[in-house]
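Quick note, the sequences are listed as chains F and B, same order. Residue numbering for the first sequence follows our numbering, starting at 1 and increasing by one per position. Residue numbering for the second sequence follows our numbering, starting at 1 and increasing by one per position.
Please note that the accuracy of each hint is not assured.
Where chains are identical, the list cannot tell them apart; a pair therefore holds if satisfied intra-copy or between any two copies.
[Claimed, not checked] In silico BS3-like cross-links for lysine-lysine, where the CA-CA straight-line distance does not exceed 30 angstroms:
no.: 1; residue 1: 139; residue 2: 129
no.: 2; residue 1: 139; residue 2: 90
no.: 3; residue 1: 129; residue 2: 35
no.: 4; residue 1: 90; residue 2: 129
No lab work stands behind these hints: they were computed from the structure.
There are 2 protein chains.
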Amino acid sequence: MANPRTPNPARRNERSRRAVLDAARDLVSELGYAKVTIEAIAARAGVGKQTIYRWWPSKGAVIFDSFLALSEGGEGVRLPDTGDLEADLKMVMRATVAEFADPAFEAPVRALNMEIIGDPTLAAMYGEKLAGPVDEAKKERLRSGRRAGQLAADADLDLVLEVLYAPLYQRWLLRSGPLTPEYADALVETTLRAFRPE
Amino acid sequence: MANPRTPNPARRNERSRRAVLDAARDLVSELGYAKVTIEAIAARAGVGKQTIYRWWPSKGAVIFDSFLALSEGGEGVRLPDTGDLEADLKMVMRATVAEFADPAFEAPVRALNMEIIGDPTLAAMYGEKLAGPVDEAKKERLRSGRRAGQLAADADLDLVLEVLYAPLYQRWLLRSGPLTPEYADALVETTLRAFRPE
Numbered sequence: 001m002a003n004p005r006t007p008n009p010a011r012r013n014e015r016s017r018r019a020v021l022d023a024a025r026d027l028v029s030e031l032g033y034a035k036v037t038i039e040a041i042a043a044r045a046g047v048g049k050q051t052i053y054r055w056w057p058s059k060g061a062v063i064f065d066s067f068l069a070l071s072e073g074g075e076g077v078r079l080p081d082t083g084d085l086e087a088d089l090k091m092v093m094r095a096t097v098a099e100f101a102d103p104a105f106e107a108p109v110r111a112l113n114m115e116i117i118g119d120p121t122l123a124a125m126y127g128e129k130l131a132g133p134v135d136e137a138k139k140e141r142l143r144s145g146r147r148a149g150q151l152a153a154d155a156d157l158d159l160v161l162e163v164l165y166a167p168l169y170q171r172w173l174l175r176s177g178p179l180t181p182e183y184a185d186a187l188v189e190t191t192l193r194a195f196r197p198e
Numbered sequence: 001m002a003n004p005r006t007p008n009p010a011r012r013n014e015r016s017r018r019a020v021l022d023a024a025r026d027l028v029s030e031l032g033y034a035k036v037t038i039e040a041i042a043a044r045a046g047v048g049k050q051t052i053y054r055w056w057p058s059k060g061a062v063i064f065d066s067f068l069a070l071s072e073g074g075e076g077v078r079l080p081d082t083g084d085l086e087a088d089l090k091m092v093m094r095a096t097v098a099e100f101a102d103p104a105f106e107a108p109v110r111a112l113n114m115e116i117i118g119d120p121t122l123a124a125m126y127g128e129k130l131a132g133p134v135d136e137a138k139k140e141r142l143r144s145g146r147r148a149g150q151l152a153a154d155a156d157l158d159l160v161l162e163v164l165y166a167p168l169y170q171r172w173l174l175r176s177g178p179l180t181p182e183y184a185d186a187l188v189e190t191t192l193r194a195f196r197p198e
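So that you can see chain F by itself, here it is in the shape it has in the complex:
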């Protein structure tokens, strides 16, 4: 155990980094993307502006990292692969539905989505930095299922992902229906029926 009197620069840096990311995400929820400034993030996080600029080149970069941190970083994501595609997807979709039903998770994600929907540049950045790597991890699991004969050999994996996730996304955005484990299961079963091998 480190002596609490001895300053540990690595730990202090990590604490500051987390404070900045939390502040960025909170401010986007409260104010919307456009009104958040580097100054406001620094003030909320209790760090100097120069600390933020040392680690991130722009406001957009901080905010995107703050959302990456929330989803535990897109690039390291791997879906479970027990060999049973239906069971694995149900586990993942139930977790996703639970996240979107959780106010603490959904509020900042909703704020980010509203910005993305209104701003094509941000949408492209989101696609490249956040959605892209996560979709790639999901497609990796789908490819493994396709090799195992659990999806049609000619299944278009981008379309599979859209059919699996877009109904949840729409239901959440428009608050047009309940977000339940049963709904997660129904989406997986529907998608696998649509893309099963002949």
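Position chain B relative to chain F; hints supplied.
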């Protein structure tokens, strides 16, 4: 043909009504729902405020009517029924995809969607006044297809509509892929595969 010198109150009313609805929709696109006022709509339409209040009880009511007018009124909608569910849905989905690919249509609808996504009260109003009646018309066509054995007898028609439309909605909102007739067809084929009778 009416004498142009003779004022025709019915025609004048209809012209004013349309001017108000066009102004309301344009202003929502330009400013966002929150910033639009009855005064601004009246000024843009070239009518008095009292004209608007004579026909509509509130700003929300005018704006919703302006979007109803765009989709030619939800309640009168009927989907084609040639007996061939796949062909009928492809026709409808191709038309819908073309609308969303049209900047003149999509800009005000995007502005409205951003407001709805951020405001649960507006979302409920949208569901009741706009989406609800249109979805009912679509489900009527699906019921006819289900009776004809083109959909599984136990198909959940709300889920069928979500699987059919949500991928298009998400792709349009996030600009995450092309909106083409081929995409419309793929959504119909995928949905019918997912819900075909055993």
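Worksheet item: Is it within a copy, between copies, both, or neither that the alpha carbon of residue 90 lies no farther than 30 angstroms from that of residue 129?
Response: within (25 angstroms within a copy, 34 angstroms between copies)
Worksheet item: How would you label the pair residue 139, residue 90 (within, between, both, or neither) given a Cα cut-off of 30 angstroms?
Response: Both. Shortest intra-copy (15 angstroms) and inter-copy (27 angstroms) distances satisfy the 30 angstroms Cα cut-off.
Worksheet item: How do residue 129 and residue 35 come out at 30 angstroms by Cα distance, when the copy is not named: within, between, both, or neither?
Response: within (22 angstroms within a copy, 32 angstroms between copies)
Discussion item. One pair to classify: residue 139 and residue 129, alpha carbons no more than 30 angstroms apart. Within, between, both, or neither?
Written reply: within (16 angstroms within a copy, 38 angstroms between copies)
The structure agrees with every numbered hint stated previously.
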